[in-house]
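A.B. asks: Letter by letter, the chains look like this.
Protein chains: 2
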Amino acid sequence: MKDKILRKFFLGFIQIHILHHAKKEPFYGSWMIKELKDHGYDMSPGTLYPLLHNMESTNLLKKEEKNVDGKIRKYYQITTQGIEILEEATKKAYELFKEIKD
Amino acid sequence: MKDKILRKFFLGFIQIHILHHAKKEPFYGSWMIKELKDHGYDMSPGTLYPLLHNMESTNLLKKEEKNVDGKIRKYYQITTQGIEILEEATKKAYELFKEIKD
DNA sequence: TATAGTAATATCGTGTTACGATATCAATTT
DNA sequence: AAATTGATATCGTAACACGATATTACTATA
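From first to last, the protein sequence lines are chains F and Z. For the first sequence, this note's numbering assigns the number 1063 to the initial residue and increments by one for each residue that follows. For the second sequence, this note's numbering assigns the number 1063 to the initial residue and increments by one for each residue that follows.
Since the hints were made in silico from the structure, they are not lab data. Just so you know, these numbers come straight off a predicted model, no measurement behind them. For glycine and all other residues, C-beta sits at the position ideal for the given N, C-alpha and C. Careful, some of the hints might be misleading.
As the list claims (entries may be wrong) - Examples of chain F residues lying across from chain Z (beta carbon under 10 angstroms, computed): (1) L1073; (2) Q1077; (3) K1154.
Full structure from sequences and hints, please.
C.D. replies: Here's what the structure looks like:
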């Protein structure tokens, strides 16, 4: 119940997280699910993968298929546009936090 | 284009803003539209009012009708549950910012 | 070489909702 | 009355979050 409300609040947070990681180093889907879980965000594959596809088609992420132990993994890294969006988001996140912190 | 992407990122931010203001003092819809605009968030009535109704029905806000200059205005203020959600969101916003700031 | 297991990714159906545009409502001014 | 203004509500459409389930491809066991 409370979780469902919070999930909506945090969908943007999650995407910012994803962009941030995509900037540090390429990642693949199921790794990201674990990473988000470590930050307290439960996200099922049925939500994450379409989200990644969406972020790819809006040119925030770019995909590269890599062969790892004979299996194909799809690694995502950030695009130039993604970096711009991330910077904008960081600015806004700071303003938000500054305003609500007390 | 870029705006459309950012809007999605910031919907959670906007709701946190709303909760924050609702905690400080009661507000009404069109005042909030201006307030959000001052923070760089453009939000049309067709988006805000349903959002307020939603936040009321999920028990984050409570409504009170007030007569102002003969007109009825609907003032919203935060609920106990809203305060809890806001605190949780503040915590997460801080963690997010801490992680992405460099 | 079947069979089961496992890691990673994809898709399906459903219900929700964000959005701009438009409409309503009540009071005030021309 | 007619037009204006401030505030709130609704409509139609397209998007999409979600859990559950399916798929794909390789590996380990019998």
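A.B. asks: All the hints need checking, so say for each whether the structure fits it.
C.D. replies: We went through each hint and held it up to the structure:
no. : hint  : verdict
1   : L1073 : holds, 6 angstroms
2   : Q1077 : holds, 6 angstroms
3   : K1154 : holds, 6 angstroms
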